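S.K.: For the sequence shown, position 156 matches number 156 in our numbering, and the numbering has no gaps at all.
By construction, these hints were calculated from the structure, which means they are not laboratory data.
None of these values were measured; they are calculated from a predicted model.
All C-beta atoms in this analysis are idealised placements derived from N, C-alpha and C, irrespective of residue type, glycine included.
Worth double-checking, as some hints may not be accurate.
Straight-line distance between alpha carbons at most 20 Å, and here's what the computed DMTMM-like set of lysine to aspartate or glutamate pairs gives [said to hold, decoys possible]:
#1 Lys103 <-> Glu119
#2 Lys108 <-> Glu119
#3 Lys103 <-> Glu44
Just the calculated beta-carbon pair ranges, DEER-fashion [to be verified]:
#4 Ser40 <-> Glu138: 33 to 39 Å
#5 Thr61 <-> Thr120: 17 to 23 Å
#6 Glu85 <-> Val105: 26 to 32 Å
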Amino acid sequence: MDRRKVLKNMSLSLGFAVSAPTMLSILNSCTSNVATWIPSFFTETEGHMITQLSDIIIPKTAIAGALDVHVPAFMDKMFNEIASESQKETMKEGATAFANTFKNVFGKDASAGSKKEFETVLATYFDVPTDQQKQISEMMNQNKSKLTGKKLNTFLIYKFLTETRRYTLYGYYTSELVGETILSYDPIPGHYEACIPVEDIGNAWSF
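Produce the entire structure from the sequences given, and follow the hints as far as they go.
M.R.: In structure tokens, the structure reads:
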């Protein structure tokens, strides 16, 4: 599987212009053990936050979770080397806003937060009524420069959380381990069958 090519194509679909050396660097870096990983773009506190959040989004069960395929390191490299300056700025501002909220709730720095505590904070932002979800969606479509105070703070936190979720899924489903052992994978594709029932397809296919 030429994961390098797949990842590059997916990055382009997200609006990124990715050079081959940069992408190779990202792939090589995402084999770090979570316990020894040192962030480049994120601070240690921010690294702890995205580690806990990605573990909540895709926890290890009978199959590999986000931490098993080194999603935090992947996310760190993506923001450090590929994301635009505006994306970097918003992500950093959102991480700061989230960390402040965490400290207000639990009275301690987010770097000392447990997975259960992060789940509690996460639920306050995503476990909301349908009418509130609509309001959040409308707010997220607004220009950041036009928001102030509490609305801006909420906007930044949702940006941080949705980007963390986005890159967790992105990094997980483009990882070699998931592509070859969890998704349907055939390194030598066989014959083509058109118009078959969806239930006959099985798992999503990996390239």
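S.K.: With reference to the structure, classify each hint as holding or not holding.
M.R.: Verification of the hints:
Using a Cα cut-off of 20 Å, the hinted pair Lys103 and Glu119 holds, with the two alpha carbons roughly 14 Å apart. Taking the CA atoms of Lys108 and Glu119, the gap is about 16 Å. The hint holds against a cut of 20 Å. A threshold of 20 Å between alpha carbons decides the hint, and for Lys103 with Glu44 the separation of about 16 Å falls inside it, so the pair holds. For Ser40 and Glu138, the Cβ-Cβ distance of about 35 Å falls inside the hinted range of 33 to 39 Å, so the restraint holds.
The supplied range of 17 to 23 Å is met by Thr61 and Thr120, whose beta-carbon atoms lie about 21 Å from each other. For Glu85 and Val105, the Cβ-Cβ distance of about 31 Å falls inside the hinted range of 26 to 32 Å, so the restraint holds.
The structure is consistent with each of the numbered hints, conforming to all of them.
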